[in-house]
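Engineer: Protein chains in written order, with numbering that gives the first Met the number 0: chain A, 0 to 417; chain B, 0 to 417.
Hints listed in this document are in silico derivations from the structure and should not be mistaken for laboratory results.
By construction, the Cβ of each residue, glycine as well, lies at the ideal position given by its N, Cα and C atoms.
Don't take every hint at face value.
Distance windows between CB atoms, simulated [claimed, not checked]: (1) A:Asp266 - B:Ala294: 31 to 37 Å; (2) A:Glu47 - B:Gly143: 38 to 44 Å; (3) B:Pro249 - A:Phe192: 43 to 49 Å; (4) B:Thr18 - A:Pro176: 24 to 30 Å; (5) B:Ile387 - A:Ser101: 16 to 22 Å; (6) A:Phe192 - B:Glu250: 52 to 58 Å; (7) B:Gly86 - A:Glu57: 26 to 32 Å; (8) B:Arg343 - A:Gln325: 25 to 31 Å; (9) A:Ser101 - B:Gly143: 52 to 58 Å; (10) B:Leu50 - A:Gly327: 54 to 60 Å; (11) A:Glu47 - B:Pro110: 51 to 57 Å.
Protein chains: 2
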Amino acid sequence: MPLAEIITIGDEILIGQITDTNSPWIATELNKIGISVKQITSVSDQKEHILEALAEAEKRADIILITGGLGPTKDDVTKKTMATYFGSKMMVVHQPTLDIVSGFFTKRNLPLTELNALQAEVPDNCEVLLNENGTAPCMLFQKGRKVFISMPGVPFEMMSLMTSKVLPELSKRYQLPSIYHRTILTAGIGESFLADKVADIENALPSYIKLAYLPKLGMVRLRLSTAGNADEALIAEVEHFAGQIEERVPEYWVSNEDVAFEKAILDLMERNKLTLSLAESCTGGYLSHLFTQHAGSSTVFDGGAVTYSNKLKMSVLGVKAETLEQYGAVSEQTAREMAEGAQRNFQTDFAIAVTGIAGPGGGSEEKPVGTVWIAVAGKAETVAKQFIFSNKRLQNIERSAMAALFMLLTLLRKSHYN
Amino acid sequence: MPLAEIITIGDEILIGQITDTNSPWIATELNKIGISVKQITSVSDQKEHILEALAEAEKRADIILITGGLGPTKDDVTKKTMATYFGSKMMVVHQPTLDIVSGFFTKRNLPLTELNALQAEVPDNCEVLLNENGTAPCMLFQKGRKVFISMPGVPFEMMSLMTSKVLPELSKRYQLPSIYHRTILTAGIGESFLADKVADIENALPSYIKLAYLPKLGMVRLRLSTAGNADEALIAEVEHFAGQIEERVPEYWVSNEDVAFEKAILDLMERNKLTLSLAESCTGGYLSHLFTQHAGSSTVFDGGAVTYSNKLKMSVLGVKAETLEQYGAVSEQTAREMAEGAQRNFQTDFAIAVTGIAGPGGGSEEKPVGTVWIAVAGKAETVAKQFIFSNKRLQNIERSAMAALFMLLTLLRKSHYN
Numbered sequence: 000m001p002l003a004e005i006i007t008i009g010d011e012i013l014i015g016q017i018t019d020t021n022s023p024w025i026a027t028e029l030n031k032i033g034i035s036v037k038q039i040t041s042v043s044d045q046k047e048h049i050l051e052a053l054a055e056a057e058k059r060a061d062i063i064l065i066t067g068g069l070g071p072t073k074d075d076v077t078k079k080t081m082a083t084y085f086g087s088k089m090m091v092v093h094q095p096t097l098d099i100v101s102g103f104f105t106k107r108n109l110p111l112t113e114l115n116a117l118q119a120e121v122p123d124n125c126e127v128l129l130n131e132n133g134t135a136p137c138m139l140f141q142k143g144r145k146v147f148i149s150m151p152g153v154p155f156e157m158m159s160l161m162t163s164k165v166l167p168e169l170s171k172r173y174q175l176p177s178i179y180h181r182t183i184l185t186a187g188i189g190e191s192f193l194a195d196k197v198a199d200i201e202n203a204l205p206s207y208i209k210l211a212y213l214p215k216l217g218m219v220r221l222r223l224s225t226a227g228n229a230d231e232a233l234i235a236e237v238e239h240f241a242g243q244i245e246e247r248v249p250e251y252w253v254s255n256e257d258v259a260f261e262k263a264i265l266d267l268m269e270r271n272k273l274t275l276s277l278a279e280s281c282t283g284g285y286l287s288h289l290f291t292q293h294a295g296s297s298t299v300f301d302g303g304a305v306t307y308s309n310k311l312k313m314s315v316l317g318v319k320a321e322t323l324e325q326y327g328a329v330s331e332q333t334a335r336e337m338a339e340g341a342q343r344n345f346q347t348d349f350a351i352a353v354t355g356i357a358g359p360g361g362g363s364e365e366k367p368v369g370t371v372w373i374a375v376a377g378k379a380e381t382v383a384k385q386f387i388f389s390n391k392r393l394q395n396i397e398r399s400a401m402a403a404l405f406m407l408l409t410l411l412r413k414s415h416y417n
Numbered sequence: 000m001p002l003a004e005i006i007t008i009g010d011e012i013l014i015g016q017i018t019d020t021n022s023p024w025i026a027t028e029l030n031k032i033g034i035s036v037k038q039i040t041s042v043s044d045q046k047e048h049i050l051e052a053l054a055e056a057e058k059r060a061d062i063i064l065i066t067g068g069l070g071p072t073k074d075d076v077t078k079k080t081m082a083t084y085f086g087s088k089m090m091v092v093h094q095p096t097l098d099i100v101s102g103f104f105t106k107r108n109l110p111l112t113e114l115n116a117l118q119a120e121v122p123d124n125c126e127v128l129l130n131e132n133g134t135a136p137c138m139l140f141q142k143g144r145k146v147f148i149s150m151p152g153v154p155f156e157m158m159s160l161m162t163s164k165v166l167p168e169l170s171k172r173y174q175l176p177s178i179y180h181r182t183i184l185t186a187g188i189g190e191s192f193l194a195d196k197v198a199d200i201e202n203a204l205p206s207y208i209k210l211a212y213l214p215k216l217g218m219v220r221l222r223l224s225t226a227g228n229a230d231e232a233l234i235a236e237v238e239h240f241a242g243q244i245e246e247r248v249p250e251y252w253v254s255n256e257d258v259a260f261e262k263a264i265l266d267l268m269e270r271n272k273l274t275l276s277l278a279e280s281c282t283g284g285y286l287s288h289l290f291t292q293h294a295g296s297s298t299v300f301d302g303g304a305v306t307y308s309n310k311l312k313m314s315v316l317g318v319k320a321e322t323l324e325q326y327g328a329v330s331e332q333t334a335r336e337m338a339e340g341a342q343r344n345f346q347t348d349f350a351i352a353v354t355g356i357a358g359p360g361g362g363s364e365e366k367p368v369g370t371v372w373i374a375v376a377g378k379a380e381t382v383a384k385q386f387i388f389s390n391k392r393l394q395n396i397e398r399s400a401m402a403a404l405f406m407l408l409t410l411l412r413k414s415h416y417n
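The task is simple: from the sequences and hints, build the whole structure.
Structural biologist: Here it is as structure tokens:
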């Protein structure tokens with residue numbers, strides 16, 4: 000199994016200005032096709048330092064993937080350093096890249112500066128994997144049996160290149176095992192409790208089937224993977240164990256697909272021709288964003304209201320002034336009226352309402368920061384539940400959203416939608 | 000100036016299961032006190048690999064900070080490896096740590112297992128920096144002039160140790176320069192165009208003042224930093240250059256603070272006692288979420304509507320059926336009616352409306368995917384503008400949001416709010 004190393008280039012990571020989210024994404028994708036990541040290294044924009052990192056990575060790994068350090072303001076340090084490292088004789092214009100660079104500026108009615116045109120130049124001894132979404136080229140260098148690929152650091156350019164060019168290229172060059180992965184998406188149960196529940200199944204797994212727990216806020220992804228090449232019999236065996244796990248925790252099971260929680264719900268609601276609206280207070284649009292980031296969400300999701308103020312809770316959702324006065328904005332009664340108001344005013348089959356104290360301010364002894372009421376209005380009933388989360392604002396927003404999704408899923412299932 | 004290297008230990012980073020957010024945080028804190036981070040390295044849980052990383056880091060850096068690889072489930076691999084690397088003779092019980100570990104279990108009415116008690120054992124030749132928030136000890140090893148500090152990987156334990164123990168310890172051991180950083184936040188202009196505009200100022204910078212471009216979607220952060228100790232005269236010099244840059248691009252200048260774009264706007268609106276509401280179609284709640292993730296946003300932000308369907312555009316925002324019919328949902332007229340509808344119905348001083356085709360479906364020849372109309376309703380006028388972004392849904396959402404923020408800021412400034 001080939002080993003990879005990921006090198007990210009850029010002072011902005013070393014000064015803590017940005018978090019390197021490229022590397023975990025790349026690592027995930029490599030693992031899926033059977034390439035292990037040995038090390039992830041972040042180095043500065045200095046040529047000497049990059050040369051040292053390349054040499055060390057070459058000792059450790061077969062495949063070295065590099066991101067960042069490209070573009071005019073970076074002085075294309077990665078490109079120049081790669082040229083040095085691989086002993087390139089000169090820089091040559093890569094016409095397809097130049098066409099893209101020129102087109103990029105023409106489309107925006109901007110002049111093509113000399114600096115930008117330079118981006119289309121690459122070392123003579125590299126192979127270019129065409130970057131169709133940006134102006135920095137993706138360069139592949141072969142050194143003996145080792146492969147070095149340099150990509151731009153802009154996440155969507157890197158992701159697009161990885162998916163359409165780099166991964167297929169690596170699959171072509173290496174005899175990669177066809178690893179079979181089977182995901183079981185769960186929600187509403189913590190990792191250690193889930194592990195307890197399926198302990199005997201896990202213990203019975205043969206050595207060539209691995210079970211990984213991949214927890215995320217409010218969810219746990221279980222992943223069964225074959226250790227090596229998967230034939231039909233082995234796939235059937237993985238499916239057998241997956242089925243056992245699913246039967247063990249039906250109330251927490253969300254999906255077999257490795258999709259986001261809200262996407263699993265959108266798919267379920269679309270299959271059943273159901274519509275959804277939202278009434279968000281403390282989640283402040285986050286839940287809407289979760290749904291609407293998915294293409295096609297408009298089939299299910301009609302819209303919603305972000306009602307931060309009491310004024311809007313009343314005028315947009317029809318929450319009664321007496322309810323707010325008597326029970327407060329963060330209460331079961333308000334949550335129920337918000338959900339039912341959204342369902343009624345926005346004319347949808349289901350509606351979720353979230354109201355709480357995200358913090359850090361606004362808490363009281365009776366209702367501390369982290370207190371959240373969630374209501375889901377369905378066709379036959381409205382359910383409501385209180386949660387006490389943490390004192391961290393963003394965490395409260397995310398955990399509220401996950402809890403709301405789980406309540407919606409549970410009510411959908413209870414209403415016999417599958 | 001001392002150099003640091005950060006080593007994170009744990010397979011979960013290498014398989015892409017978790018994103019390393021510890022390192023950027025540590026890097027930021029080190030930079031603030033004048034310690035540069037030379038490299039960030041993520042290695043596996045294997046002893047040999049960790050030993051190799053320690054040896055390489057020792058060659059490069061003066062200070063090596065290590066996180067992760069501690070605790071019973073990790074088999075305390077970091078502790079054992081450090082003992083090997085530094086030639087410890089034996090493990091000894093660190094009584095204050097044992098007291099904390101015991102207390103931790105007593106408080107939860109759990110028995111102290113042998114495995115847990117082992118956590119209080121440390122190599123005989125380390126100095127313990129007491130971890131008051133967890134059971135894994137923080138260990139400092141001195142080797143010649145180099146300092147190695149191992150911390151647990153749990154973010155809040157690490158952060159607390161860094162703040163209360165590690166940073167003071169490093170400040171005591173090194174003569175640290177007081178580095179001065181000055182941020183200039185810009186929006187509405189690309190990195191290379193900005194670089195062109197301030198090229199002469201950048202070229203005139205003395206060698207002891209560095210300018211960094213830190214681009215983010217729709218924004219560019221400029222940061223001037225002193226290379227070494229900053230006295231009053233040097234700070235004045237940095238401020239002089241910062242002022243020159245700001246004067247050069249007043250229309251793109253957002254803030255001097257290193258804050259998120261929407262936070263700069265919230266602060267500006269709060270200073271001027273202004274309120275804001277939103278009418279989001281294609282951004283689907285993302286813009287609301289940007290604002291509401293910030294504590295205290297409710298002072299400015301009253302709420303808004305996510306009107307995905309035409310039905311809701313009419314019922315919630317009062318967009319006229321004729322407008323939708325005649326011009327379509329993605330049009331200047333609809334955007335203006337949405338913004339003015341939000342401003343009127345939600346009773347706020349300013350309102351933003353975004354309507355567009357986020358994609359990947361829904362485009363036409365006349366209005367391709369990526370077509371977005373944004374309107375901002377202010378006190379004296381409503382401005383509207385069309386954008387043609389890309390064919391990538393998430394990017395269209397984010398770029399629409401950034402463009403909307405820039406339009407709002409521009410209208411606020413035009414209305415003499417500062």
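Engineer: The hint says 54 to 60 Å between Leu50 (chain B) and Gly327 (chain A); measuring C-beta to C-beta, is that right?
Structural biologist: holds, 58 Å
Engineer: So does Thr18 (chain B) sit 24 to 30 Å from Pro176 (chain A), Cβ to Cβ?
Structural biologist: Taking Cβ atoms as reference, Thr18 (chain B) and Pro176 (chain A) lie about 27 Å apart, which means the hint holds.
Engineer: Is 52 to 58 Å a correct range for the gap between the Cβ atoms of Ser101 (chain A) and Gly143 (chain B)?
Structural biologist: Because 56 Å falls inside the window, the suggested range holds.
Engineer: Verify the CB-CB distance for Glu47 (chain A) and Pro110 (chain B) against the hinted window 51 to 57 Å.
Structural biologist: holds, 55 Å
Engineer: Just tell me: holds or violated, for the beta carbon distance of Arg343 (chain B) and Gln325 (chain A) against 25 to 31 Å?
Structural biologist: With a Cβ separation near 30 Å, Arg343 (chain B) and Gln325 (chain A) satisfy 25 to 31 Å, so the hint holds.
Engineer: Given the hint of 31 to 37 Å, check if Asp266 (chain A) and Ala294 (chain B) actually sit that far apart at their C-beta atoms.
Structural biologist: Between Asp266 (chain A) and Ala294 (chain B), where Cβ atoms are some 35 Å apart, the hint holds.
Engineer: Do the beta carbons of Gly86 (chain B) and Glu57 (chain A) sit within 26 to 32 Å of each other?
Structural biologist: holds, 30 Å
Engineer: Tell me if the beta carbons of Pro249 (chain B) and Phe192 (chain A) are separated by a distance inside 43 to 49 Å.
Structural biologist: Taking Cβ atoms as reference, Pro249 (chain B) and Phe192 (chain A) lie about 57 Å apart, which means the hint is violated.
Engineer: May I ask you to test the hint 16 to 22 Å on the CB atoms belonging to Ile387 (chain B) and Ser101 (chain A)?
Structural biologist: At 18 Å between Cβs, range holds.
Engineer: Please check whether Phe192 (chain A) and Glu250 (chain B) have a Cβ separation lying inside 52 to 58 Å.
Structural biologist: Given range 52 to 58 Å: holds, Cβ gap about 55 Å.
Engineer: Is 38 to 44 Å right for how far apart the beta carbons of Glu47 (chain A) and Gly143 (chain B) are?
Structural biologist: Cβ of Glu47 (chain A) to Cβ of Gly143 (chain B): about 23 Å, so the range 38 to 44 Å is violated.
Hints 2, 3, counting from the list given before, are not met by this structure.
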